[in-house]
Structures are given as structure tokens and as C-alpha cells.
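Colleague: Add chain D to chain C, keeping to what the hints say.
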Amino acid sequence: MTETAGPDRVRSAEQIGLSAREAAAMPPPHQAPAAGPDPARNGPPRNAAKAAGPRDAAKAAGPRDAASWAKKIDRLEVNSRDGVRGTNVAGRRLTGPVQGFGKMWQKTYRMKAGSRIEPERAIATWREHFPEFWPKGNRFAGALTGINPGDVALLDLAIGGGVKLSTGVFVLYADAESFTLMTPQGHMFAGWITFSAEREGPQDGAETIVQALVLMRANDPLYEVAMTFGGHRKEDKFWAATLTALGERLGLPDPKVETKSVCVDTKRQWRHANNIWQNSMIRSVMQTLTFRRNKQAT
Amino acid sequence: MSAPAITMDVRRIGDGVAVVDIKGEVTAACEPVLMSAYEAASDGRTSRLVLNFAGLEYMNSGGIGMLVTLLVRANRQRQQLSAYGLSEHYREIFELTRLDEAITIYDSEESALNGVVR
Chain C
2 MTETAGPDRV RSAEQIGLSA REAAAMPPPH QAPAAGPDPA RNGPPRNAAK AAGPRDAAKA
62 AGPRDAASWA KKIDRLEVNS RDGVRGTNVA GRRLTGPVQG FGKMWQKTYR MKAGSRIEPE
122 RAIATWREHF PEFWPKGNRF AGALTGINPG DVALLDLAIG GGVKLSTGVF VLYADAESFT
182 LMTPQGHMFA GWITFSAERE GPQDGAETIV QALVLMRAND PLYEVAMTFG GHRKEDKFWA
242 ATLTALGERL GLPDPKVETK SVCVDTKRQW RHANNIWQNS MIRSVMQTLT FRRNKQAT
Chain D
3 MSAPAITMDV RRIGDGVAVV DIKGEVTAAC EPVLMSAYEA ASDGRTSRLV LNFAGLEYMN
63 SGGIGMLVTL LVRANRQRQQ LSAYGLSEHY REIFELTRLD EAITIYDSEE SALNGVVR
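Protein chains in written order, with the working numbering: chain C, 2 to 299; chain D, 3 to 120.
Here chain C stands alone, though its shape is the one from the complex (with noise of 0.2 Å):
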């Protein structure tokens, strides 16, 4: 056991060969990005204490990332709001892509925001309007104050036949570069979005890149056919759709999506086959049944 190798050591990009233009497109080192719409919740930005002092009176401090990441809690715990059924979300745990049952996908969502557009005020619109650029039918309801790490938003996704499918979503991270949602059991999904903006190509010529990237399986057999069947399509529609808005309203004359799908894992995980128990679309119906009944009898 204590017999060890010498060391292969592996280290950054331009070492094991990057192209030119992807090393061109590296900001200098040092570089600190502007602060994000609310640096005094979400803490200074990645490179800020590089750019403060000595290394170990950052590590003094804590870490960097620290303001960034929600706390841990077990169970998401949620209150009422305005013009959202909220139901399906208090009481749940939160699921990654460990926890999911389909195959695993890495779905990219890009659009060029070109160079008068920092990512800081791309993110920084995005977070503080996010719930206007959902295409219409769909309701995003979170904090008044935008998407700060810890929120719990509740949602209200338009599934067809005037039934609402009534879930929610955790703010995972953010900061002034990117923020990160996941999505409680009995979302479609088990996993997480993560929206961002950052500059790419050379220097003289950078532009921005705004992007969402969902690392996610679905979440138990049912929604498993559901995305085979027209689910993937519709959710490349709905982010597509999400990004285009974003792009008017950071002025682009012409915002084009690029996406891009990659199965990462083929592989279904059966032993989360159960997961079906919590499934939000099955207990929303159930949920507008009873509520339209209900109403009838009064």
C-alpha cells in the first residue's frame, strides 16, 4: 500500500495543448470581473481575492466561493406566492443527475451576445429578469429581488389540456458570471441548468457568449418516455426560446440559439425507477381533478 509511482502531473490548458484560439481567447490572469447585480450577498467575484492580496490572506478569509453556494439543507421548504398553485416542492429533496433515472444529457444552449455586451451585465439581467423571459404559459415565481443562491422558486410549466404541471426549482449557486438551478424530486428532471456568460475568441476581437447548459436525466420512467417522445424537443424549444428573449432584451438586433445535445450516459438507473412515487405531472393532474371538481360541487 505505501508503495507509490512518481507523480504524472497534468496541468493547465496551455500545457497539454490548447489551440491558439482557445488559448487566445484566455483573459489575463489577474483579470476581476465587474461585481454582480448584488456583490454584497454573492460575495466578491472568482479572481477578487487573487486581485486583493497574497494568497493566504484570502484563504484566511474563507473561501472565495463561499457567498456563491446555497447552504446545505435537507428538505426544500417554501412559501406561498402570488399567481403559482405551489404545490409539489415543500418537504422535497433536491435530485442531481446521481439521482435520476434516464440517460444522462449534456444540452448546450449558446448564443453570441457580441463584444459591446460584458457577461457581468448579461448575468446580471438574466438573474434580476429571469421569470420575463420564460416563454408564455410558463410561471417562474421567486424571490422579488431575483435569483440569489438558496431561493426557492415554484413553477408552473404549461403541460397541454389546460393542465399546469406545478414543481419548483432551488437556486444551486450564483455569482456574477453564472448562476445554477436544480430541480427538486418529482421534476421532470434530475439535475441542474447552469446559465452563464463569458468572452470568447481573441482579445482584439472577444465577444460574449451567453449560454445555458442542463446536465440532467429524467427523472423516473414515465418522464423518461415523455422526453423521448417530444420532451427533448419541447425543452430545446423552451430554452431557445428563453435565451432569444434575453437576447432583445440586451438589444441584439438578431438573437440566434445554437444547441447542442450530447448523451453522456446511455445507461438508465433502474434502482431510481421509484422515483416515479413523486412524480409532479401525475399529482398535478391529479391535483387539477380535484381542484375542478371541488369547484363544480360549490
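Partial pick of chain D residues on the chain C-facing surface, computed with a CB cut under 8 Å:
hint: 1; residue: Gly-67
hint: 2; residue: Val-74
hint: 3; residue: His-91
hint: 4; residue: Leu-101
hint: 5; residue: Glu-103
Just so you know, these hints were derived from the structure itself, not from any lab. Everything numeric in this text was worked out from a predicted model, so none of it was measured. The beta-carbon is built from N, C-alpha and C at its ideal position, and this holds for glycine as well.
Modeller: For chain D alone, coordinates are given in the frame of chain C:
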């Protein structure tokens, strides 16, 4: 994409076990570095891969996503993935994202190599 401020040293310990010492910032940008380290650690006989996070200085949600991708690759090769050296803060992030249900967390390299959870 920003330059990944990270190094990963691969050590082989005995037969079939490799330790990856991670130093720096774990973000989505360091995926090529992590995957190169993974390939260096996986020589066909490796059945256990231990990630040493004692030198972890920063991690964002992109970094967590990258670890999930690594986990999928390791599972495909029937390799067991574990970790040690996580500070309380990063251990809580593993618990919050429920990554700890797939990557066993140990207190020290010795317990990770012996497979003894605290």
C-alpha cells in the same frame, strides 16, 4: 473559456489504485486537465480512483458538473471513485448536490485507501 488555474498530479499506489492530487480551482474550464489526469490514472488495471481535494481553493457549479461527468466515465470502466481532503465547506457542497451518494468521502488518504468511512 478562462485558463484553468489548476494542477493535477497522479500517483499510483500499489496495484489498481491511483490518487489524483488536485490543487487550485475546479471549474468547467479545467475539464481537459481532469480528463487528462483521469486517462493518466486509468492504465487498464485501475479499479479505484481517489481524488485528493486538500489543495482545492475554489469550485463553482461548473466544477461539480465536471465531477459528475468524471463519475460517469469511471462507472463505465467499473472503477470506484472516492475523495478525501475536502474542507467542511466543500463537503457540504458534495452533500447539498448529493454527489456524496456516488463518490464516497473519506477523512484522510489512509482511510480512503483502506476504504473506511468515518
